[in-house]
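**Student:** Same order as they appear, the protein sequences are chains A and B.
Using my numbering, you'd call the opening residue of the first sequence number 143 and step up by one each time.
Using my numbering, you'd call the opening residue of the second sequence number 143 and step up by one each time.
A few of these clues could be false.
Copies of the same chain are indistinguishable here, so a pair counts whether it falls within one copy or spans any two.
[As the list claims (entries may be wrong)] Listed next, the in silico DSS-like pairs over lysine-lysine satisfying Cα-Cα at most 30 Å (straight line):
no.: 1; residue 1: K489; residue 2: K451
no.: 2; residue 1: K494; residue 2: K451
no.: 3; residue 1: K489; residue 2: K210
no.: 4; residue 1: K165; residue 2: K330
no.: 5; residue 1: K213; residue 2: K611
no.: 6; residue 1: K611; residue 2: K210
no.: 7; residue 1: K210; residue 2: K539
no.: 8; residue 1: K369; residue 2: K451
no.: 9; residue 1: K611; residue 2: K641
no.: 10; residue 1: K210; residue 2: K330
For the record, the hints were derived by calculation from the structure and aren't laboratory data.
There are 2 protein chains.
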Amino acid sequence: MTQRILILGGGFAGLFAARELRKRLPLDVRIELINAENYFVFQPLLPEVAAGAITALHAVTPLRRLLKGIKVRKARIQEVDTTRRVVTIFQGVQRRPTEVGYDHLVVALGQETDLSRMPGLADHALTMKTLEDARRLRAHVIERLEHADITQLPEVKREALTFCVIGAGFSGVETVGEMKEMIDRSLKYYPNVWPEEVRVVVVEYAQNVLGELTAKLGRYAAAQLEKRGIEILLGRGVQSATGTRLILSDGTEIPTRTIVATIGNAPSRVVQDMPLEHVHGRIKVTRDLRCEGHDDVWSLGDCALIPMKDGATERSDFAPPTAQFAVREARALAENMAAALAGKPMKPFRYKSQGALASLGARRGVAEVWGFKLSGFPAWLLWRAYYVAFLPGFQTKVNVLLNWVMDAVSPRSTVQLRSYTPPAARYVHYRAGDRVFEAGTRADGFYTVIEGAVELTYPDTHTGEPVTKRVTAGQHFGERMVLGQERRSGTVHALEDTKVLVLDREEFLKIADAFPVMRGYFQGYMKQTYDIDWTPGQR
Amino acid sequence: MTQRILILGGGFAGLFAARELRKRLPLDVRIELINAENYFVFQPLLPEVAAGAITALHAVTPLRRLLKGIKVRKARIQEVDTTRRVVTIFQGVQRRPTEVGYDHLVVALGQETDLSRMPGLADHALTMKTLEDARRLRAHVIERLEHADITQLPEVKREALTFCVIGAGFSGVETVGEMKEMIDRSLKYYPNVWPEEVRVVVVEYAQNVLGELTAKLGRYAAAQLEKRGIEILLGRGVQSATGTRLILSDGTEIPTRTIVATIGNAPSRVVQDMPLEHVHGRIKVTRDLRCEGHDDVWSLGDCALIPMKDGATERSDFAPPTAQFAVREARALAENMAAALAGKPMKPFRYKSQGALASLGARRGVAEVWGFKLSGFPAWLLWRAYYVAFLPGFQTKVNVLLNWVMDAVSPRSTVQLRSYTPPAARYVHYRAGDRVFEAGTRADGFYTVIEGAVELTYPDTHTGEPVTKRVTAGQHFGERMVLGQERRSGTVHALEDTKVLVLDREEFLKIADAFPVMRGYFQGYMKQTYDIDWTPGQR
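Start from the sequences and build out the full structure, keeping to the hints where you can.
**Tutor:** And the structure:
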């Protein structure tokens, strides 16, 4: 009977596993790959996409083009049943679930981000895991520059021009370096923004940047970043965040409207729910890359905990979550699976890192290759050469090179494409004393208090005298939009640290119009609270 | 005192007016331009962006780069007060309104799209006016190909592979031609889609395509499109649309999940609300491009009705809404304003069209220039040469040329970037008999009926016997999500032509959790309707 191999995930691990398997297995073995997007994203280029050095479409490659002879499905994974050997998925826009059977399952789902331990961070920080994250960050930074150029309020300008990156590992350092370069090169188009008004900060819990490299290279990287005006705050974690503040573990408050979190790696929900053995959220595999207790389930890449020697216990005994390792794991897995299918013995995975590279932006980098250490322009050039050689897909290589050439000879584009729509219902955090909104401003949402308390001040309907009201958990404010009001009549500020749910104006009005329960409730509420007669449907 | 000139709109008319004014006026005259986006979009290239021939970021140019010596604000215009000479705007993400004063106002806000006269069309059709529209269309078409490649349901496959464009003017013809080229070139990556399964249709109310050109060129264009497998339906308008059907004025039903409307030009709300004289939604101006009765308000471009001779009455007596005319109007306006400020006499606007060009995709075009008629490859080449010469911004020219070269020598990318998030609360239309959802499928939204009626069938909570219920305007279904249910337990179909409001699962659950009125209501409803005891907060 035809063997069916099913690969979950199309990152480095999944893509290369699929290709290596296709090379080694006879054509009657069916290989299938499921990924949330229909493209492969080369993660090391994300900071350059975020900084506009490479345009998003040119930085990625369609999976179907890279995976000849392999069935590709763009789908969300719902559930894995290792007993029935079936994976349940929702394909694209389909609402009907699809069951995909397998004989061998390869789990290569990487890691996601979990920021929930720091209050407000998940709701107010941007992340840098996916291509969409990178596109969002680029649009976000340009919006801040546009805002800073026109605002009349000094504190808003200061917040708009302060950019914080959390984490100074590879991702954090490359992101902060590229972001600074983009801002520096764009400032000439923003005549009201002075270079000294821009503050770019990277916050790191450890005592050095790029902990993966030697201390000396880390110090070089830190010195380079500082020379370019980037502040480095070491030995500090994040306590909490709001839309305008980042609060560090030592109590430092940074007024900012841009927080990029490159920390908080965590397993995805699907991986957590799999009936497999987990250690620290990663799937425990044997040295031949199969999951403990399952001969037909394999795992590799960032989601797997792969021992590099028997009786591994130390962190250094396990394969690190890097692209370099994922690609080698993919080859080892393919060889082992070919051996298993042919009834031959398997080999334990072993690999020694060849080195590490980081770009610092502005044509500077650091590198440690086969024991040699490099820094500055040569390291940056090596970084580019290595990654373009590594990038799968000939056309994507050419596109990336063309983007680099154009970027070197012409100004960086400040075009702000729309890339991310915040959820219509979203949580927002305030610190005690923060202004929520003010009379006269645009009435853009309906607020329900989840935790904490706010104070609302508004003019009495009849006398015009100011009325003050405390609004606490379960209560709401901003509901006058049902009357058709486009501007706020009241002013609201937080009395305590407060979390609210904001529902966008358009969505709120559609529901309030369509759903009789809401209509009836607000009619009564308007009468009772403000003595306003409102006939639903009239605005 | 310093004169302040304020230009509303950054399309062809506004951009060129600003540049022509800056050239002619002394530097102490302050010129300011307000636009919704921070870039200039070259509209004729939009179909190529939608088809992926040019990447979005490379097709547009930052306004700040094109407008040296001119203040640029990215803002939404709220209100124009011609008495106080003040425009109220909301800048970027700011909620505080900003008032901008002027001595002379130039209105160049173009046209928007109004599809509201055809039921369902506004809620189910894509448009082709903005860069975001083009990006959305590209992602939408690729999603349909991905879906068609994996679906098991023949009727879904047929709907997914039928692409309809409404209107066969320049925009419609270029869109349908480029879309067909993209699909043809992408099919090799979708092994389960056969070329003969793809249906691309263009619907036009008139009896010929490209009515702006001669009948002979129109026939040539139609023949070229048909040769490439595009169906042309002439003499038919649109009656209505749903998510899976386009219904034409003659009753023809086309099963489709892609409707692109290039019809329905209409003034924007801001233009309509201006205290100026309007004719058919356009601002009435004199031959010197000032608004009737206002010496300090000027208008040009698609939003203005510009007479080309005294006593103009016929359609041909007025300037047509094309880029070619907008650019000439901009020059005339700048000359007249310079004359007015210097107290010199103004000149009436006059211009004779130099011709027209259309690309048909697949390296074919039609052109009529200075009376000469051209078709096929030479016309297509002329189209590209003319537009790249016309494109403002040197870097953008180079980028577009590079994109074209790469597109000629390499396959079209099928990468599906996310570009559009549908509103969390949106209206959906069904025809009598349509299935709304089915037991077992993903529970993705909460439905309130606005018009019409649906029938809901679900198993009784205790006996499991099927229960049938009619749900009409003001009533709702799909509310079991509050219990944490991820799949539908009931099946719903439309009994009549029905309009519903769908609220996305995530937003619905956030509100139902946070807002006590909703919590309380659903608790009672669950008990009364299904005899289910639900404690809010428990799922």
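**Student:** My question is about K210 and K539: at a cut-off of 30 Å on alpha-carbon distance, are they close within one copy, between copies, both, or neither?
**Tutor:** Within one copy only: 18 Å inside, 35 Å across.
**Student:** If the cut is 30 Å between Cα atoms, do K611 and K210 qualify within a copy, between copies, both or neither?
**Tutor:** neither (65 Å within a copy, 50 Å between copies)
**Student:** Is it within, between, both or neither when you check K213 against K611 at 30 Å Cα-Cα?
**Tutor:** neither (61 Å within a copy, 42 Å between copies)
**Student:** Are the CA atoms of K210 and K330 at most 30 Å apart within a copy, between copies, both, or neither?
**Tutor:** between (46 Å within a copy, 11 Å between copies)
**Student:** How would you label the pair K611, K641 (within, between, both, or neither) given a Cα cut-off of 30 Å?
**Tutor:** within (18 Å within a copy, 40 Å between copies)
**Student:** With identical chains, the pair K489 and K451 could be close in the same copy or across copies; at 30 Å between alpha carbons, which is it: within, between, both, or neither?
**Tutor:** Within one copy only: 12 Å inside, 87 Å across.
**Student:** Cα distance capped at 30 Å. Does K165 pair with K330 within a copy, between copies, both, or neither?
**Tutor:** So K165 and K330 pass the 30 Å test across copies only (21 Å; inside, 52 Å).
**Student:** Taking 30 Å as the upper bound on the Cα-Cα distance, should K489 and K210 be classified as within, between, both, or neither?
**Tutor:** The answer is within: 27 Å in one copy meets 30 Å, while 65 Å across copies does not.
**Student:** Is it within, between, both or neither when you check K369 against K451 at 30 Å Cα-Cα?
**Tutor:** neither (42 Å within a copy, 65 Å between copies)
**Student:** Up to 30 Å between alpha-carbons, please classify K494 paired with K451: within, between, both or neither.
**Tutor:** within (12 Å within a copy, 81 Å between copies)
Of the numbered hints listed earlier, those contradicted by the structure are 5, 6, 8.
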